[in-house]
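Numbering of the sequence shown is given in full-length UniProt numbering, commencing with residue 1 and proceeding in unit increments.
Think of the hints as simulated: they come from the structure by calculation, not from any bench. Just so it is clear, the structure is predicted and the values come from calculations on it, not from any experiment. Even glycine gets a Cβ: it sits at the ideal position worked out from N, Cα and C. Each hint should be verified, as a subset may be incorrect.
[What the hints assert, rightly or not] In silico EDC-like pairs for lysine to aspartate or glutamate, Cα to Cα no more than 16 Å straight-line:
id: 1; residue 1: Lys82; residue 2: Asp121
id: 2; residue 1: Lys479; residue 2: Glu521
id: 3; residue 1: Lys437; residue 2: Glu461
[What the hints assert, rightly or not] Have a look at the derived ranges for each label pair, beta carbon to beta carbon:
id: 4; residue 1: Glu295; residue 2: Phe412; range: 57 to 67 Å
id: 5; residue 1: Glu129; residue 2: Leu693; range: 30 to 40 Å
id: 6; residue 1: Asn619; residue 2: Asn201; range: 17 to 27 Å
id: 7; residue 1: Glu129; residue 2: Gly482; range: 29 to 39 Å
id: 8; residue 1: Asp223; residue 2: Lys441; range: 31 to 41 Å
id: 9; residue 1: Lys9; residue 2: Gly482; range: 31 to 41 Å
id: 10; residue 1: Lys776; residue 2: Asp324; range: 26 to 36 Å
id: 11; residue 1: Glu295; residue 2: Ser342; range: 20 to 30 Å
id: 12; residue 1: Gln503; residue 2: Asn350; range: 21 to 31 Å
id: 13; residue 1: Ala722; residue 2: Asp213; range: 50 to 60 Å
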Amino acid sequence: MKNNFNYDKLTPMLKHYVDVKNDFKDSILLYRVGDFYETFFDDAIITSKVLSLTLTGKECGHNKKAPMCGVPHHVIDNYAYKLVKHGYKVALCDQIEDPKEAKGLVKRAITRVITPGTITDMESLNKKENNYLLSLFQNKYGLSLSYCDISTGKLVTLEIRGMSSSIGRRAIDQIEKINPSEILINSDYDDNVLKSYFNDNEVFVNYIQNPKDYKSRAKLIEDHLGIANLKKISDLRLSIISLANLIDYIYKYHKDNLTHINNIEILEINNYMQLEASTRKNLELHRNLNNNTKENSLLSILDKADTVMGSRMINEYLERPLIDKVQIEKRLDIVETLLNDSILSTNISNYLSDIYDLERLVAKISYKRANARDLISIKNSIYNIPKLKEILVNHDDQNIKNIGINIPDIDFIYDLIDISIVSDPPIAITEGGMIRKGYDKSLDELKELSSSAQSKLIEYENSEKKATGIKNYKIVYNKNNGYSIEITKSNLDKVPSSYVRKQTLKNQERYTTETLEEISELILGGKDKINNLEYEIFKKVRDEILKNTIKLQALAKMIANIDTLNTFAKIARDNAYVRPEIRTDNLIKIKDSRHPVIENNLNENEFIPNDTDIGEDDNLIQIITGPNMAGKSTYMRQMAIIIILAQMGSFVPATSAQISICDQVFTRIGASDNISKGESTFMLEMNEVSSILKNSTENSFVILDEVGRGTSSDDGLSIAMAIVEYLSKKKKVKTVFATHFHELTIMENELDNVKNLKIEILEENNNLVFLRKIKKGKSDRSYGIEVAKLSGLPDEVIENAKLIMDKLGSEDVFDADKKAGVSESITEISDNKITDLKKDASVVDVNNLTPIEAMNELNKLLIKIGEL
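Use the sequences and the hints to build the structure in full.
Structure representation (structure tokens):
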């Protein structure tokens, strides 16, 4: 503690605060005092700064004041979340006995510890994303990842077996997909790749000791999740440990089982397309590369869901595209039906638009933190479910019909809430005003008695005003003093002798009488009884809903499913997407493919589509040459994105598409130095290429962009040629390789499965026009100087560059004379003060653009050029 406060001289309450704090030194301790959670000493100073609240003080018992800062108890979740977002754990110390019955200091104890992965407040969470707490257990046999969103109840486990050095890398790919807010990991884990990852990334990590008794870990799972769930994972010994650690952490401060956490999903990662973290990042699937937001990502195009549950499922589909043809086709069948039946699609949207986040509302009930307004939200959410079920069940398409059939009947929940809870209840659940008249006879009788007492109070006030002749005679209520008769000092001579003085104020006196005390007892005693009875009735209604948790969770999943597929149909309708034909023969043929994000940012018909044809035995590897800014990267990215969309079960941006299922999509596009790890751009590039060469299969799809350019020309070309040959002969994997190494194009003649492609361009009057079309053949040069001219470099720089290029391109360029000539030209440029010239140049700041933003700028520029 700051200021060296003497513990022995502290007040009893502050002594207890310090004692509790000593057990939770890594947390901000919020200590319940009346209607507030208070912090003291160092925690108060931190809380005041983080939450921008006034720092006050509390007497310590030795003529000093302890720093103090507090927040109202009814908004604690919001404030606790803000502290957690600033990197702090928060421990809540609550009163565990009624202050009215306490003898001395009210008993208190820690009831919750709030961390990034244990936040349940709906207002604090990202509505469209899961908030996962992840438990990782690793030993010499492999590792397991178990993760839970305790705000929805979703609980998943997976194992990665083996002893190879790639285990850590594979685990990181899964962690990136899961995107947990907090990670638990056994303190004796031993994987250098993971250690480096945790050190280099801002991850909230808790290191925990693992009990050695395996049976106790299994028993913990059985106690909280049931024997059926334990049997489900009986062969997954690593998962049992990671799950037990996770459950232990979740239940540390919860005595009762959390009903909404009731099912373990076993994730078989080999049942989904594998997307490395670098691939997901390069393709900007979920976040753009500039500011790591959803804007201009593929998800921003896809997430047009009507419910937040649908949004979360779309995100999940994008993380894990399918590789099973039957499952993909089933999704596509439903999307096609919804696309063709626009009336059905519109009706579904209308019914879904009023649905709240049922998953998180059920979780709030399970945590016993739901109020009456949450129940009304559930009621309003299920109001249209019978109508939705009816239109689905009565549809001709069997898949649509089956969705309707599987929607559970929850009318009784609607009826229960409708007859028990008023339509606009208060936030508080202990102060009455929640229960409808007619729902409970005893409550109605109490309210009638209370109403009668209120009438008596009014009658008594009027009669006493008349009897005393005091015109401003009034009866007032105060929370601390109850009901009192308030008389101004100018009328004190008229106060009857039977009145008993209660309180003296500046301008008036307060009195009571025997009659007023009797009426007051009727009112206040009745009010307490009413509030207590309403609270008990509310808890019974809440518990009755909780009994139907599984039904409500099944309903939420069905809503998310139909919402996701209906969203895919709406996107296809709005953007002219087509149904892909799913194949298994390794061929990919796309007619008029488009990049879904870039075309969305352009005017109609501005995007130039391209065809794709790859996968035949003589056409597995395609080498693309052509100038920068001509569209190579766009073309390659849109191929990968279309494959991913198709395997998600979505229609794709093209006029026709035949997609063979890919087990993995790899990209090697761009890189930056990692100085902290001592890795250059070239090293990062080689690391990523190494992973591709090791892990790709003949069913994979690979994008390589300018591999080898990070080192000398000779080294880079040699590496690029060796990579192409390895992919051609050893891996036989579908690969698109964009390069400025024109020498690489000779490999079409050397290898029987390599083809050359180029970006079509047009040179007119010394101007370069990009036609943005891919066709067979090869480019003879990169047109770098022409591109530099388009970017706005001064004419003098361009002309000197041409001179240097001519000299470099002549014979014996590397003899002494030629070197001197080149040096002279460079000197000329220097003498002309390049720095000054650049100030006048109009150059796009490409360093601060994401790839997609850069492509958008490029396309706008190309349109202008084409109009010349």
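Non-conforming hints, listed in increasing numerical order: Those not satisfied are hints 3, 4, 6, 7, 12.
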